[in-house]
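Protein sequence lines correspond, in order, to chains A and B. According to our numbering, the first sequence holds residues 1 to 113 in order. According to our numbering, the second sequence holds residues 1 to 116 in order.
A hint or two may mislead.
Unchecked claim - Restricting the straight-line Cα-Cα distance to at most 30 Å, the calculated cross-link-like pairs of lysine-lysine (DSSO-like) are:
no., chain 1, residue 1, chain 2, residue 2
1, A, K57, B, K103
2, B, K71, A, K71
3, A, K55, B, K56
4, A, K13, A, K53
5, B, K103, A, K53
6, B, K111, A, K3
7, A, K57, B, K56
These are computed hints drawn from the structure, not numbers from a lab.
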Amino acid sequence: DVKVTQSSRYLVKRTGEKVFLECVQDMDHENMFWYRQDPGLGLRLIYFSYDVKMKEKGDIPEGYSVSREKKERFSLILESASTNQTSMYLCASSFVGGTYEQYFGPGTRLTVT
Amino acid sequence: DQQVKQNSPSLSVQEGRISILNCDYTNSMFDYFLWYKKYPAEGPTFLISISSIKDKNEDGRFTVFLNKSAKHLSLHIVPSQPGDSAVYFCAASARRTSGGYQKVTFGTGTKLQVIP
Numbered sequence: 001d002v003k004v005t006q007s008s009r010y011l012v013k014r015t016g017e018k019v020f021l022e023c024v025q026d027m028d029h030e031n032m033f034w035y036r037q038d039p040g041l042g043l044r045l046i047y048f049s050y051d052v053k054m055k056e057k058g059d060i061p062e063g064y065s066v067s068r069e070k071k072e073r074f075s076l077i078l079e080s081a082s083t084n085q086t087s088m089y090l091c092a093s094s095f096v097g098g099t100y101e102q103y104f105g106p107g108t109r110l111t112v113t
Numbered sequence: 001d002q003q004v005k006q007n008s009p010s011l012s013v014q015e016g017r018i019s020i021l022n023c024d025y026t027n028s029m030f031d032y033f034l035w036y037k038k039y040p041a042e043g044p045t046f047l048i049s050i051s052s053i054k055d056k057n058e059d060g061r062f063t064v065f066l067n068k069s070a071k072h073l074s075l076h077i078v079p080s081q082p083g084d085s086a087v088y089f090c091a092a093s094a095r096r097t098s099g100g101y102q103k104v105t106f107g108t109g110t111k112l113q114v115i116p
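All chains should be built: construct the whole structure from the sequences, respecting the hints.
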């Protein structure tokens with residue numbers, strides 16, 4: 001079974017703090033993704049990575065950066081957290097050439113106060 | 001620009017009856033469609049998919065129908081069970097002409113409640 005784990009289930013941070021969200025997958029997948037889920041907006045892609053040290057912006061990259069130093073690990077960084085970044089953050093992975101199916105982690109509920 | 005739309009935010013169905021969840025898309029380049037199910041406090045899990053070369057795919061109680069001319073797909077759950085109560089996301093993907101990653105675009109979700 002594919003397993004995607006996220007470093008925290010719940011996180012509370014203050015405005016202006018630097019926030020790191022980490023994601024690890026154990027299936028040797030090339031692709032990894034960060035989404036945020038908000039009511040009425042569905043899942044929106046923040047960034048994705050198709051290989052180590054490779055990344056591309058998704059639909060809403062502003063205020064975020066990412067890091068992929070190892071194939072199994074993909075980190076999302078909020079350089080200076082703001083209240084509008086309060087959301088559910090979901091990490092996913094998939095392999096190249098597959099049927100687009102992505103495997104998701106359990107999510108991190110981030111609250112920025 | 002919402003390329004994948006789920007116009008019904010919620011749906012209630014009696015146990016044993018059919019649940020029909022609908023999804024519309026605007027991008028004619030989409031060639032693969034998926035449905036995910038999401039329980040509270042969990043990540044979405046893949047449910048069923050369909051390629052644009054087909055118009056129907058069935059897996060147990062779940063059937064997905066694709067109408068390319070109408071740019072519409074639907075998920076049928078028969079019979080519905082209380083454990084099916086979850087948020088269902090429709091998703092679509094278009095293969096990049098340059099190869100490599102195929103972006104998946106998700107809809108906004110429909111919350112299904114199956115009443116015992």
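> Against which earlier hints does the structure fall short, listed by number upward?
Replying inline: 2, 3 and 7
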